[in-house]
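**Student:** These are the residues of each chain, in order.
Protein chains: 2
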Amino acid sequence: MTDESRPGVGPVSLATVAAQAGVSIATVSRIVNGETRRASAETVERVRQAIKAVGYHPNQLGRALRNRESRLVAMLAANLDNPVMATIAASTEAALRQAGYVMILCDTHDRPDLQDDYLNAMRSQVVQGYVMVASQPSPGLRDFVERGAPMVFVSRRSPFGECSFVGPDNIAAGSAAADYLLDRSIEEPAVVYPSRESSTTRERVKGFCDRVIARGIPADRIRRADGPGISHLEIGYAAAQHFSAPHAWPRGAMCISDQVAYGVHRLARESGVQIPHDCEIVGIDGSPLNAWLAPWLTSVEIPHPEFGPSIVELLVSLWGGEPPREHLMPHRLAAALER
Amino acid sequence: MTDESRPGVGPVSLATVAAQAGVSIATVSRIVNGETRRASAETVERVRQAIKAVGYHPNQLGRALRNRESRLVAMLAANLDNPVMATIAASTEAALRQAGYVMILCDTHDRPDLQDDYLNAMRSQVVQGYVMVASQPSPGLRDFVERGAPMVFVSRRSPFGECSFVGPDNIAAGSAAADYLLDRSIEEPAVVYPSRESSTTRERVKGFCDRVIARGIPADRIRRADGPGISHLEIGYAAAQHFSAPHAWPRGAMCISDQVAYGVHRLARESGVQIPHDCEIVGIDGSPLNAWLAPWLTSVEIPHPEFGPSIVELLVSLWGGEPPREHLMPHRLAAALER
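For the protein sequence lines, the chains are E and L, in the order given. Numbering-wise (this note's numbering), the first sequence opens with residue 1 and increments by one. Numbering-wise (this note's numbering), the second sequence opens with residue 1 and increments by one.
The shape of chain E in the complex, shown without the other chains:
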């Protein structure tokens, strides 16, 4: 075994295969590329044995550079610690693999500068498409969108004009949460959300408030509670401090994510407020963990495990030269397991 055949150090070359088989490099190259007509069956077999013996793998990157084609797709996600993004990443990886692509996953930590660093690194890697999960506006992203890079935005729409999008109908999800609380005769519902604005937050809050008002409750009777930072757990915990004393807690609250709801619940627990008895909480996401650890939580469930196939469908249609499209994923209400 020569040093050259050590994976990760450098690929075994055609020359190694040629030497092993006792044929010319050109012959090996032709056979590797499927042109076997000019070689005898015996030569083809000898080259195949040599390829196996020395551990040769055709270099996809080399081919990618020659053909201006690769099998790489990059996903840039805002925060892999967030289980929702981990679920989207897992489903996209599976759908891409089935379509013959390898997914590169990058964590931008919700930072525009890191997002641009990764976009530039991926462009240098001859990436074939981009999946932007909860992206931030950034100069580099604007540049990619303007150049027409094949991009699918997930969860948050492109901040720069019309692009392909897969995500929940956040307005409808917020409305569904409002209906759930109002149907339980809660007349001063609260809404809990991050201070830092995103399109997801904005739409879910808007869907909620519009529906509450449409059902005859004055806007000023909606209790709004927001919290700083980027961890939704911490945001929920901080925002619920607005409810200050236990008797001042609302009888029901919509949290714009399940993670925000977990944060609200922690403060409730520490304050002796019984959830859902004293305060009915409805989240959005429908995390699979709810059944295990948050049986008190009602949630508007978004089918994140089904995002992957939709994302790949839109990417393939962009590669085929079709215009951007949107897939709004349907939601359903998952009621609390325990009351």
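None of these hints come from the bench; they were simulated from the model. What you are looking at is a predicted structure, and each value in this text was computed from that prediction instead of being measured. In this text, a Cβ means the ideal position worked out from N, Cα and C, and glycines have one as well. Treat the hints with caution; some may be incorrect.
[To be verified] From the structure, some residues in chain L lie toward chain E, with a derived Cβ separation under 8 Å:
1) E93
2) A121
3) I230
4) W292
[To be verified] Listed next, with one range per pair, are the computed distances between beta-carbon atoms:
5) D210(L) x I230(E): 42 to 48 Å
6) D278(E) x Q98(L): 45 to 51 Å
7) F160(L) x P305(E): 30 to 36 Å
8) R215(E) x A53(L): 55 to 61 Å
9) W319(E) x S244(L): 52 to 58 Å
10) P246(E) x L328(L): 35 to 41 Å
11) P295(L) x A53(E): 55 to 61 Å
12) I230(E) x Q274(L): 34 to 40 Å
Got chain E; can you put chain L on it based on the hints?
**Tutor:** Here is chain L on its own, set in the frame of chain E:
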């Protein structure tokens, strides 16, 4: 803007830059590669302007193929849905980025065949190093290990001889869990684990049982409960069925992961068993979610967010030609927040 400059479709070539600047391709190539002595300051400036105007990015892959060097490191993880692996992935990504590398993340779904598919795909991508999180024995992996590929194993040691490893001291973690239960005078402790064996499971169970026996409790008074499948949540839920009736529940149980503990807790809740009052549960991992959603859980905390820097340190030392080493990460007991 020409079609060539569209990211994801094909990189802008040196020729485009040369045409824009009105100089030869060779001149552009020299300047891009930092050889500016032979060109006038005015030419260098004109090329820099042209690079900016056409959106040229030096192609790292092209360089990688020429220099037998890339800036890519692949992580193959058994299950990204598992929050422990997501945390390890996030910390490794951050440490690699600081060291100037881009991490490719692949989800093997704990399947040896997918692990081999990804190893071969990554070799074709001229990957510089491999981080194997909870790997499975597979023919391809054996091949990579035997060829001396730069690999760091995480959480589970290499199934094929001595390799670099970052992970907890599972035996010591199991012992710590045993001490916690025995110190609370629990004399017939249970141990809950997956039926499907892995080195992590084996070591944690062994550390637990050896310590219980060493402290004078006969081996046959340890209650063993296992469950099928790969989801630790489901495994815990199924395994706890061995405790059948509420009065037959043990007074204390060690679960080989926090996720197993969540599963046990769900059955306890459904069966009216109060945790920790009726049954003290100690997990291993110390998930950050425990403080939010599982305040009843005591856990032997493994510092997963600190794995990344250790993994990168071992990779760099392998690249430097040093022999494989092991980093055992220290644990600490995180007591239940609520009793």
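**Student:** Range first: 55 to 61 Å. Now tell me if the beta carbons of R215(E) and A53(L) are that far apart.
**Tutor:** holds (56 Å)
**Student:** Go ahead and decide if the range 30 to 36 Å is satisfied by the Cβ distance of F160(L) to P305(E).
**Tutor:** Distance hint for F160(L), P305(E) holds at roughly 34 Å.
**Student:** Note whether the CB distance of P246(E) and L328(L) lies within 35 to 41 Å or breaks it.
**Tutor:** violated (46 Å)
**Student:** I want to verify a distance hint. Is the separation of the beta carbons of W319(E) and S244(L) within 52 to 58 Å?
**Tutor:** About 56 Å separates the Cβ atoms of W319(E) and S244(L), which means 52 to 58 Å holds.
**Student:** Cβ-Cβ distance between I230(E) and Q274(L): within 34 to 40 Å?
**Tutor:** holds (36 Å)
**Student:** Is the interface hint for I230(L) satisfied, with its Cβ closer than 8 Å to some Cβ of chain E?
**Tutor:** violated (13 Å)
**Student:** Confirm or reject the claim that D210(L) and I230(E) have a C-beta distance inside 42 to 48 Å.
**Tutor:** holds (43 Å)
**Student:** Taking the CB of D278(E) and the CB of Q98(L), does the distance hold inside 45 to 51 Å?
**Tutor:** holds (46 Å)
**Student:** Would the stated hint for W292(L) survive a check requiring a Cβ distance to chain E of less than 8 Å?
**Tutor:** Because about 5 Å separates W292(L) from the closest Cβ in chain E, which is inside the 8 Å limit, the hint holds.
**Student:** If you take the shortest Cβ to Cβ gap from A121(L) to chain E, is it below 8 Å?
**Tutor:** With Cβ-Cβ at 5 Å, under 8 Å, it holds.
**Student:** Please check whether P295(L) and A53(E) have a Cβ separation lying inside 55 to 61 Å.
**Tutor:** With a Cβ separation near 59 Å, P295(L) and A53(E) satisfy 55 to 61 Å, so the hint holds.
**Student:** Restraint: E93(L) near chain E, CB-CB cut 8 Å. Satisfied or not?
**Tutor:** holds (5 Å)
Hints 3 and 10 from the earlier list are contradicted by this structure; the remaining hints agree with it.
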